[in-house]
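Here the structure of chain A is known, so what remains is to put chain B in place on it, guided by the hints.
Each protein sequence line maps, in turn, to chains A and B. Quick note on my numbering: the first sequence kicks off at 1 and runs consecutively. Quick note on my numbering: the second sequence kicks off at 1 and runs consecutively.
In case anyone wonders, no lab produced these hints; they're calculated from the structure. It cannot be assumed that every hint is accurate.
Put simply, identical chains are the same to the list, so a pair is met inside one copy or across any two.
As the list claims (entries may be wrong) - Result set (EDC-like, lysine to aspartate or glutamate): computed pairs, CA atoms no more than 20 Å apart in a straight line:
no. : residue 1 : residue 2
1   : 550       : 590
2   : 553       : 590
3   : 332       : 173
4   : 553       : 588
5   : 553       : 582
6   : 321       : 173
7   : 550       : 10
8   : 180       : 273
9   : 321       : 588
10  : 550       : 588
None of these values were measured; they are calculated from a predicted model.
Chain by chain, the residues:
Number of protein chains: 2
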Amino acid sequence: MAEYRAPVNDMNFVLQQLVGMDQIAALPGYEEASPDMVAAILEEASKLSGEVISPLNIIGDQTGVKLNEQGQVPTPVGFKDAYQQYAEGGWGSLQFDPEHGGQGMPQVLAAAVLEMWQASNISWGLCPLLTQGAIEAIEANASEAIKAQYIPRLVSGEWTGTMNLTEPQAGSDLAALRCKAEREGDHYRIKGQKIFITWGEHDMTDNIVHLVLARLPDAPAGVRGISLFIVPKYLVNEDGSLGELNDCGAVSLEHKLGIHASPTCVMSFGDNDGAIGYLVGEENKGLACMFTMMNNARLGVGLQGVAIADRAYQLAVDYAKDRVQSPAPGSKESNTIIRHPDVRRMLMTMRTLTEAGRALAFTAYGNLDHQLKGEDKARHQARVSLLTPIVKGWCTEVAQEVTGLGVQVHGGMGFIEETGAAQHYRDARILTIYEGTSGIQAQDLVGRKTLFDQGEAMDALLAEMLDTIETAQQGSERLRGISGSLLSAVEALGQTQRYLLKGAESDINLAGSLAFNYMMLAGTVCGGWQMLKAAQAAEQLQSGGDYDPKFCKAKLISAEFYMDQVLPRYLSYAAAAVTGSESIMGLEEDLF
Amino acid sequence: MAEYRAPVNDMNFVLQQLVGMDQIAALPGYEEASPDMVAAILEEASKLSGEVISPLNIIGDQTGVKLNEQGQVPTPVGFKDAYQQYAEGGWGSLQFDPEHGGQGMPQVLAAAVLEMWQASNISWGLCPLLTQGAIEAIEANASEAIKAQYIPRLVSGEWTGTMNLTEPQAGSDLAALRCKAEREGDHYRIKGQKIFITWGEHDMTDNIVHLVLARLPDAPAGVRGISLFIVPKYLVNEDGSLGELNDCGAVSLEHKLGIHASPTCVMSFGDNDGAIGYLVGEENKGLACMFTMMNNARLGVGLQGVAIADRAYQLAVDYAKDRVQSPAPGSKESNTIIRHPDVRRMLMTMRTLTEAGRALAFTAYGNLDHQLKGEDKARHQARVSLLTPIVKGWCTEVAQEVTGLGVQVHGGMGFIEETGAAQHYRDARILTIYEGTSGIQAQDLVGRKTLFDQGEAMDALLAEMLDTIETAQQGSERLRGISGSLLSAVEALGQTQRYLLKGAESDINLAGSLAFNYMMLAGTVCGGWQMLKAAQAAEQLQSGGDYDPKFCKAKLISAEFYMDQVLPRYLSYAAAAVTGSESIMGLEEDLF
Numbered sequence: 001m002a003e004y005r006a007p008v009n010d011m012n013f014v015l016q017q018l019v020g021m022d023q024i025a026a027l028p029g030y031e032e033a034s035p036d037m038v039a040a041i042l043e044e045a046s047k048l049s050g051e052v053i054s055p056l057n058i059i060g061d062q063t064g065v066k067l068n069e070q071g072q073v074p075t076p077v078g079f080k081d082a083y084q085q086y087a088e089g090g091w092g093s094l095q096f097d098p099e100h101g102g103q104g105m106p107q108v109l110a111a112a113v114l115e116m117w118q119a120s121n122i123s124w125g126l127c128p129l130l131t132q133g134a135i136e137a138i139e140a141n142a143s144e145a146i147k148a149q150y151i152p153r154l155v156s157g158e159w160t161g162t163m164n165l166t167e168p169q170a171g172s173d174l175a176a177l178r179c180k181a182e183r184e185g186d187h188y189r190i191k192g193q194k195i196f197i198t199w200g201e202h203d204m205t206d207n208i209v210h211l212v213l214a215r216l217p218d219a220p221a222g223v224r225g226i227s228l229f230i231v232p233k234y235l236v237n238e239d240g241s242l243g244e245l246n247d248c249g250a251v252s253l254e255h256k257l258g259i260h261a262s263p264t265c266v267m268s269f270g271d272n273d274g275a276i277g278y279l280v281g282e283e284n285k286g287l288a289c290m291f292t293m294m295n296n297a298r299l300g301v302g303l304q305g306v307a308i309a310d311r312a313y314q315l316a317v318d319y320a321k322d323r324v325q326s327p328a329p330g331s332k333e334s335n336t337i338i339r340h341p342d343v344r345r346m347l348m349t350m351r352t353l354t355e356a357g358r359a360l361a362f363t364a365y366g367n368l369d370h371q372l373k374g375e376d377k378a379r380h381q382a383r384v385s386l387l388t389p390i391v392k393g394w395c396t397e398v399a400q401e402v403t404g405l406g407v408q409v410h411g412g413m414g415f416i417e418e419t420g421a422a423q424h425y426r427d428a429r430i431l432t433i434y435e436g437t438s439g440i441q442a443q444d445l446v447g448r449k450t451l452f453d454q455g456e457a458m459d460a461l462l463a464e465m466l467d468t469i470e471t472a473q474q475g476s477e478r479l480r481g482i483s484g485s486l487l488s489a490v491e492a493l494g495q496t497q498r499y500l501l502k503g504a505e506s507d508i509n510l511a512g513s514l515a516f517n518y519m520m521l522a523g524t525v526c527g528g529w530q531m532l533k534a535a536q537a538a539e540q541l542q543s544g545g546d547y548d549p550k551f552c553k554a555k556l557i558s559a560e561f562y563m564d565q566v567l568p569r570y571l572s573y574a575a576a577a578v579t580g581s582e583s584i585m586g587l588e589e590d591l592f
Numbered sequence: 001m002a003e004y005r006a007p008v009n010d011m012n013f014v015l016q017q018l019v020g021m022d023q024i025a026a027l028p029g030y031e032e033a034s035p036d037m038v039a040a041i042l043e044e045a046s047k048l049s050g051e052v053i054s055p056l057n058i059i060g061d062q063t064g065v066k067l068n069e070q071g072q073v074p075t076p077v078g079f080k081d082a083y084q085q086y087a088e089g090g091w092g093s094l095q096f097d098p099e100h101g102g103q104g105m106p107q108v109l110a111a112a113v114l115e116m117w118q119a120s121n122i123s124w125g126l127c128p129l130l131t132q133g134a135i136e137a138i139e140a141n142a143s144e145a146i147k148a149q150y151i152p153r154l155v156s157g158e159w160t161g162t163m164n165l166t167e168p169q170a171g172s173d174l175a176a177l178r179c180k181a182e183r184e185g186d187h188y189r190i191k192g193q194k195i196f197i198t199w200g201e202h203d204m205t206d207n208i209v210h211l212v213l214a215r216l217p218d219a220p221a222g223v224r225g226i227s228l229f230i231v232p233k234y235l236v237n238e239d240g241s242l243g244e245l246n247d248c249g250a251v252s253l254e255h256k257l258g259i260h261a262s263p264t265c266v267m268s269f270g271d272n273d274g275a276i277g278y279l280v281g282e283e284n285k286g287l288a289c290m291f292t293m294m295n296n297a298r299l300g301v302g303l304q305g306v307a308i309a310d311r312a313y314q315l316a317v318d319y320a321k322d323r324v325q326s327p328a329p330g331s332k333e334s335n336t337i338i339r340h341p342d343v344r345r346m347l348m349t350m351r352t353l354t355e356a357g358r359a360l361a362f363t364a365y366g367n368l369d370h371q372l373k374g375e376d377k378a379r380h381q382a383r384v385s386l387l388t389p390i391v392k393g394w395c396t397e398v399a400q401e402v403t404g405l406g407v408q409v410h411g412g413m414g415f416i417e418e419t420g421a422a423q424h425y426r427d428a429r430i431l432t433i434y435e436g437t438s439g440i441q442a443q444d445l446v447g448r449k450t451l452f453d454q455g456e457a458m459d460a461l462l463a464e465m466l467d468t469i470e471t472a473q474q475g476s477e478r479l480r481g482i483s484g485s486l487l488s489a490v491e492a493l494g495q496t497q498r499y500l501l502k503g504a505e506s507d508i509n510l511a512g513s514l515a516f517n518y519m520m521l522a523g524t525v526c527g528g529w530q531m532l533k534a535a536q537a538a539e540q541l542q543s544g545g546d547y548d549p550k551f552c553k554a555k556l557i558s559a560e561f562y563m564d565q566v567l568p569r570y571l572s573y574a575a576a577a578v579t580g581s582e583s584i585m586g587l588e589e590d591l592f
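So that you can see chain A by itself, here it is in the shape it has in the complex (with noise of 0.2 Å):
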């Protein structure tokens, strides 16, 4: 089957258009970020993510990881090699201060270049995205020592971060967290079991930077007495050296519907005198120190929806092209099933929602750039925290049904697995979990941000919405036509929020009950506000003539498409949304 191929094009017209990178690449520090720049820098990745890290997709499924009795995990044939050759072209250090190693460049454009690697391979991605988080945790919140001994060498590569959060008790609920660590001179002495730990343990470097969660002996119960600590797999000597096999190590590997060949491992620490730790941040603020590396990190699961979207997209569009089966309306003769209409409605649908998707993720990343380097930081900020459950959420959502519509596509073929497309289906399943359920976005998307600002920050989202449709309809016919249903989607979000901040203090299980169905509207609501900036842009662009006139016409069909087939979600969504609690919640326990 064919390899991954990076959609370029695509890439760099949301960042262009879309995204704003001019108004980007102008806060300070990002003035190499120019349009030149950035798509040369896509196009080298889409290099690596197509030649060197898709192909190893399918072995890393199939050979998967185990756990050996040295308490090694070797990693498939190639995933080494490969790791090696992305350390090797700096793709760890994009986005990161060049203090420490890193070349400075936009989040936004880091989350294009994430994006392929995760769509190339899940499995392999998942290793440079938690490093990610890891340097983030310890660049905004350790000490300068801490910093100066380890992000550099995670920045370039040569060392890789876990996070350790969950136990098999405290999933969701991090107050359950049981792991100890005591004071011990400079450094803590870590002891407990974490479960679920993404790349716990591998051959692809030397060492394993690992932050855990865990509790003080005279810690406040509940969130308030977590701290966050650093602990080695080898401990650092001073002049950064290695030294000693710290206290710590996987103990089993989970055996997962998906992503076969990203070990998910069973964390022990201290089984004999306790592992070596280091703290991050301050003492019982560990879960504070925690968010700023879950909230990116939830927005990279949420590119990790896309991306898989996309997978699954390219692999149908191949197979839809090559195979043959029964005469389309209108033809004699038999037809490659691209020429079917129904199976034209489901690779629409998945080429939509991911187009949706991504532009809608670049966004939020494009928002979180200007939190960082720009002016108007509260409100860019406000903008990131509401996209940033909507994107984990909501793209997450649609790739269990996109990459389920690539096995339908496929037909029975779908169902053999040499054929890849089941492949994308379970590798996919693992986004609405992780990094927070689907359940735990939507209840954040209308606690803490919506009931808690009394829904500023969404009214500031549905007026910019309202004015890019105004902005369309005093455009084109066309632009009319695409911008028409979505006035009543964004009126239809505005109401269910009313709904929500009305019916909450009388009701409490009001937001519970109502936040999922929030949250797909949002996300519904979001994908077809881009849609239509999408086709806004693209007419202009149509119009300018110096850009890819196919590309602009098809822009401009997929926004046609999204508000007929995929923005109707909407209605649903809202009239499901205002239905109170009553009967989610009428039936007694003893009756399930």
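Just chain B now, with coordinates in the frame of chain A:
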């Protein structure tokens, strides 16, 4: 994990209260199907399914099946024994003609029992399901001599049956079949390869009866040149004893996403002199013969969707009642997750989609009984024909959603294979594909079942649904509430049908473009109709007093939830259906 618990109460309720088992038991030949007999049969089947077949489900998934060097497929431990218990219990003969050793019970009762086999173990259950289809095809089409020779042994469970349609170039497109048959005295010689042959080889019985579609040398091209043959694995002597091994067998097994314990075979016929086959029905009329079998098989696959949805629901409920995580709204301490509104929303969605699907599928089987034994055959036949693609299409699409939610309720544990939720998700994935993909069902619904009769059968269904609503509107306040939005939904289905009838003439792509949305709309609305009927019956029984009040209470809440959270989907299906074909077909092929 807990074994499958057959929903005997709900099955009895649906049979007696919704399907009208009293009327079916009044049909000639069905006199024995009294409420007590029905309940006793369900009770017995629930034991075999829960105690014997269900425990083999995970073993089968983990062991899988392999073709050995002798061309045999040993089944997983316990499979053969369970099959023998099934055969000895007479379960394979329930609905068949007493003339050939059957028990002459109604189809709808057999359907309820069939649901249990499929829910307890879909891989295992496929073997009886295919055998049932083979019996139906032989019974309806073969000569008396062939019937006498084969049916009693299939009905008794002594032998099993298979359906051999698909070839590599001929999946949905049977016109492209190439398998050959040559006349030779009183029999034929069959040569060719078939793929995706479920239970094509195994060790559970002494003989396997293959039904094979093939072409005679002088046959017309296309579907009018296909004939149906019986090709037994072992030839059958005059006295009924087994003779020589026929020139056919499995040459490889597929490596699949799910149903690992069901051998999906590549079958080769006639590698040497040609496999000996016997004509079923007339030459070149094989497709019609196959359709007798395929239509019932399609209802059976729809029922598999209901079955696996119920199994996933049961597993998720058990987990949600056990897993403690975070305080629910209004609570200060951590609670079982079933108390969290979003988990409750997922469980109720699973529950009500399953209940609605069961009621709809059983209703179709009830119509089949009236068609077979009743007076107003034509009307019931039209209804079965109309409901078949809806039951197959909608219930299997719903099964994807429900098994996906089953994984989601489990959080991170859902992605771990040991939990069992992932197996249901993988197993369910085949259901929208085999026996005609969802696209094929949708095509059948818009084409043969709507355009062909100019909407007559659909109009009759719409009228019946409106009648139900009218009665409910004259009932209690609660019933008025439950039926409120269903009226708009039924009207939307009617409008969509008229849009199709009007637009299909001038736009050759319209029918194919809206087919899937039309099918999902019809399923959602029919599901609502069944839930309203269930609510009516539950309310009446509740006031009657001799029915379990808890069951009635739960059913009313289920109906309310369905109307609040599931039915609103009709809005988006209907809105998407009436946007024509332009944006679906607009993108040129080279722009994909």
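Now the hints, each set against the structure:
1. 550 / 590: between (59 Å within a copy, 10 Å between copies)
2. 553 / 590: between (57 Å within a copy, 12 Å between copies)
3. 332 / 173: Classified as between; 13 Å across copies, 60 Å inside a copy.
4. 553 / 588: between (54 Å within a copy, 10 Å between copies)
5. 553 / 582: Between copies only: 14 Å across chains, 47 Å inside a chain, cut-off 20 Å.
6. 321 / 173: Between copies, since 16 Å is at most 20 Å while 47 Å is not.
7. 550 / 10: Within one copy only: 12 Å inside a chain, 56 Å across chains, cut-off 20 Å.
8. 180 / 273: Classified as within: same-chain Cα gap 13 Å, cross-chain 74 Å, threshold 20 Å.
9. 321 / 588: Answer is between: at 12 Å across copies they meet the 20 Å cutoff, but 52 Å inside does not.
10. 550 / 588: between (57 Å within a copy, 10 Å between copies)
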